[in-house]
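Sequence order for the protein chains is A, B and C. One point on numbering: in the working numbering, the residue at position 227 of the first sequence is 227, and numbering is uninterrupted. One point on numbering: in the working numbering, the residue at position 217 of the second sequence is 217, and numbering is uninterrupted. One point on numbering: in the working numbering, the residue at position 302 of the third sequence is 302, and numbering is uninterrupted.
Since the hints were made in silico from the structure, they are not lab data. Treat the hints with care, since some could be wrong.
Facing chain A, from chain C, some residues (calculated, C-beta under 10 Å) [unchecked claim]:
1. 109
2. 111
3. 119
4. 137
5. 268
6. 318
7. 319
Note that the structure is predicted; figures quoted are calculated from it, not measured. Glycine included, each C-beta is placed from N, C-alpha and C at the ideal position.
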Amino acid sequence: MLRLVAGRIVSSIGTLLFVGFALFAMTRAGPGSPARIVLGADATAAQLAQFEQANGLDRPFLAQYGAWLSDILRGDFGRSFVTGRDVGTEIVNALPVTLSIVLFAFAIAVVFGVGIGIAAALRPGGVFDRVSRLLSVVGLSVPAFWLGIVLIRFVAVDLRWLPPGGYAPLSAGLGAHLQTILMPAVSLAVYYIAVLARMTQASLQDTLRGDYVRTARAMGLSSPRVVVYALINALPPVINLAALSFGYMFGWALIIEQVFNVPGLSRALLNAISQRDFLLLQGIVFLFTIIFVLANLTADLVNRVLDPRQRVAA
Amino acid sequence: MRGLSSTLRMIDWTGWLGAGIVLVMVCAAIFAPLIAPYDPVALSIEDRLLAPDMAHWLGTDQAGRDVLSRVIFGARASLAVGIGAVVIGALIGVSAGLFAAYKGGLGDQIVMRIVDGVASIPLLVWAIAIVGILGVGPVRVGPLLLPNEIKIVLLVGVLFSPVFARVTYAVASRVVGADYVRARWLQGATHWDIVSGDILPNCLSPIIVQGTLLVAIGIVVEASVSFVGLGVQPPQASWGSMLSDARSAIYSGEWWLPVFPGLAISITVIGFNLLGDAVRELFDPRSEARTLVA
Amino acid sequence: MSGTGRMEGSGTGGPLLRIEGLRVGFRSADGGVVEAVRGVDFSVAAGEAVGVVGESGSGKSLSMLAVMRLLGSPARTTGGRVMFDGQDLLALDEARMRAIRGRDIAMVFQDPQSSLNPALTIGRQITDVVRAHRQVSGAEARRIAAESLERVGIRDAGKRLDAYPHEFSGGMRQRALIAMAIACRPRLLIADEPTTALDVTVQAQIVDLIAELRRDLGIAVIFISHNLQLVAEIVDRVVVMYGGKVVEDGPVEAIELRPRHPYTGLLQACVPNLTGPVGPLVAIEGAPPRLGRMPQGCPFSPRCPHVVEACIEEMPPLEREAELRFACWRPQ
């Protein structure tokens with residue numbers, strides 16, 4: 001078991017090194033060197049060379065990548081050539097906003113998705129079965145950012161229940177905080193409610209037909225207990241999917257943040273793009289990639305840990 | 001093998017609805033210049049922000065452009081990116097999967113580790129970042145000048161490829177090791193015979209199913225990238241950029257500006273999802289639980 | 001009345017279980033009902049072991065699932081009574097039926113591989129059964145579970161409670177299921193082909209175990225099997241089913257000596273006798289009737305070597321002759 005977990009972790013680290021390299025190479029493939037971008041079109045060759053030497057940009061490419069990685073390992077994302085600000089600080093300032101929206105959306109998606117899925121599986125043809133079927137058509141198809149726009153119109157502009165955008169940190173009070181992240185989180189969550197409901201329903205329907213469920217009933221176990229028997233076997237693929245979803249949510253959160261004008265990582269990333277601030281961009285994208293790889297790793301490990309057959313075999 | 005007519009009878013109405021939507025959207029994209037009532041980029045100051053009426057069925061935007069015409073032309077960008085990315089992804093993925101399964105040993109290991117690596121890349125973040133780095137203008141790669149749409153197609157295609165690589169690899173490595181394939185080799189079958197006769201037919205159905213569902217995801221990705229201004233560039237029409245332009249209308253009340261491009265995306269995505277589910281039901285009804293998530 | 005509320009015999013000395021005119025049907029695609037069990041009658045006395053024998057599709061398993069009220073859609077009971085302790089099980093509400101399952105009547109199934117919950121330990125699954133029927137502490141439930149496991153011949157039972165099903169062999173899993181079934185000391189154990197999925201050597205052990213439990217604990221047993229020879233080793237009486245009906249019923253010695261129904265005779269001949277001299281292996285020609293295609297007369301008539309016109313036209317009644325009951329126009 002331990003060996004298996006260690007193996008998966010090592011391979012995830014390998015993946016990150018490889019993908020980080022691709023990212024680093026890409027940022028250097030764009031038009032204009034960092035020196036040219038910072039110093040402008042008028043800079044002389046000597047000025048450019050001096051800038052590159054001062055910032056270590058004249059070193060071999062791999063050496064630069066290695067230095068960047070080892071700095072990140074020590075928590076140092078570098079200092080932006082463009083703004084002169086510390087990249088780590090900028091990320092730390094913006095991350096809580098994004099994290100708050102994604103975590104809230106994730107909680108909504110898990111509670112409603114799994115809840116609807118269970119209810120639908122227990123009563124085929126019932127209300128929740130129909131809700132789940134509707135969701136799996138509509139929820140999977142409505143883009144989150146459009147849903148956000150529609151929500152702003154109805155909930156904020158017409159009904160005036162919530163502010164149309166902006167962000168209040170948790171320090172401004174839980175109520176104010178939730179008011180600003182509720183609509184972004186709901187917009188983001190709907191797709192994943194649909195995905196999780198569909199998976200939960202299919203998986204639970206499958207295990208409810210299992211022979212061990214019949215055995216449990218033949219031994220006189222109560223209905224809730226019988227459902228629990230089916231559910232513990234139905235959940236691993238659901239948890240696996242939930243972990244994957246968590247990784248994907250960060251990507252769509254970027255678009256949602258634009259819709260609701262929230263000062264999260266999305267704004268930082270688009271600023272980095274417009275100012276051609278490579279270090280900031282690399283830092284943010286690498287952070288997203290780490291989160292994504294961790295989500296994948298969790299999904300993978302969760303499946304193995306939850307399955308007692310794998311637990312022993314490994 | 002079932003006959004074609006009995007196969008078609010197994011598709012329920014949702015499948016036909018999906019196929020119908022896809023067909024309509026593909027036709028709209030191909031014949032856009034013939035169908036669209038107006039020039040999608042022609043400005044007309046006196047026709048600004050007209051509500052839907054008989055002349056402009058879906059109204060006009062801030063620059064007086066006909067929304068219906070822009071929605072029809074927008075189908076081009078969406079479908080080109082969605083379908084193009086899936087085709088590229090399938091080409092790369094199937095080749096990689098075949099190569100790895102066929103080659104075995106170190107080649108297998110290297111290719112499939114690269115596939116794992118590519119699968120670990122969060123699609124949307126990278127699409128935004130890379131287009132951001134390279135700029136939205138055309139990029140010169142050797143003798144080729146790649147417009148922004150092609151960049152996005154290639155990028156999304158590469159990031160889609162692991163899905164196809166894994167499907168192909170699973171089928172191909174099973175087939176390559178099978179006794180009957182060894183027997184066919186002994187009978188003088190060529191590699192191409194094995195690939196085209198035994199491997200590809202067996203992975204075709206999952207490839208078609210996953211491909212159809214991935215087109216839907218590709219369409220939303222294109223809309224999202226265009227929404228943040230890094231996709232299709234003005235004045236060309238794209239559903240994502242139309243929604244971006246429509247954001248100010250949320251407050252001023254020109255409801256038709258955000259509603260119709262959004263509906264266009266949703267309906268198209270529903271179409272591909274329904275079609276994909278119907279095809280899966282047809283080929284592989286047991287795989288209901290496996291959901292493609294993005 | 002005892003504190004646990006266990007139903008006591010009504011004191012009439014009648015059978016423990018009496019199945020009367022039981023019918024099970026499937027709702028067919030065109031809205032009609034196709035009957036798979038077509039009026040089954042037989043009874044089981046307290047402590048008696050009865051073998052229910054027939055090919056797959058004879059309705060033997062469906063009948064027993066109907067007795068347990070465990071039929072899943074689209075199958076459902078369409079008629080008859082199941083008298084247990086003077087009560088009609090088919091008329092009980094679900095809560096009272098649930099209290100009877102596992103406590104008064106328990107059932108084990110064919111495939112021990114899939115009949116245990118793979119995600120829970122053996123001990124947890126047995127204690128859950130104990131605690132579903134008895135108000136006992138966790139420690140007490142665990143003690144009862146260990147005792148049950150020991151009872152079915154699993155060594156080191158206390159430790160094995162913490163094992164998961166996949167750590168058990170097929171035979172041990174079936175033992176664990178039987179341990180679950182007897183944990184509350186039911187008065188009737190229904191075993192549905194409990195050995196079919198097991199190796200031949202293990203089969204004999206499980207059969208012996210069931211015989212032993214019956215002897216030591218006085219539990220009545222209904223042993224469902226397609227194998228007449230196997231069942232004959234441990235039961236007092238055999239009920240032969242075909243086409244959803246009982247075609248022969250009687251003491252095992254009488255049936256073994258001289259089966260009257262041609263189908264029983266063929267069943268007897270088609271299983272090789274491992275201990276006796278090697279004779280020709282006979283298989284019954286043809287296939288059992290398909291649901292909804294039931295012949296008008298005797299369901300066995302299309303395959304019967306002794307068929308006459310009457311067999312095709314009319315179903316023979318189940319008639320008693322000495323200790324036997326059989327349904328045949330031309331008994332052997």
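List of violated hint numbers, smallest to largest: Violated hints (numbers, rising): 4, 5, 6, 7; every other hint is consistent with the structure.
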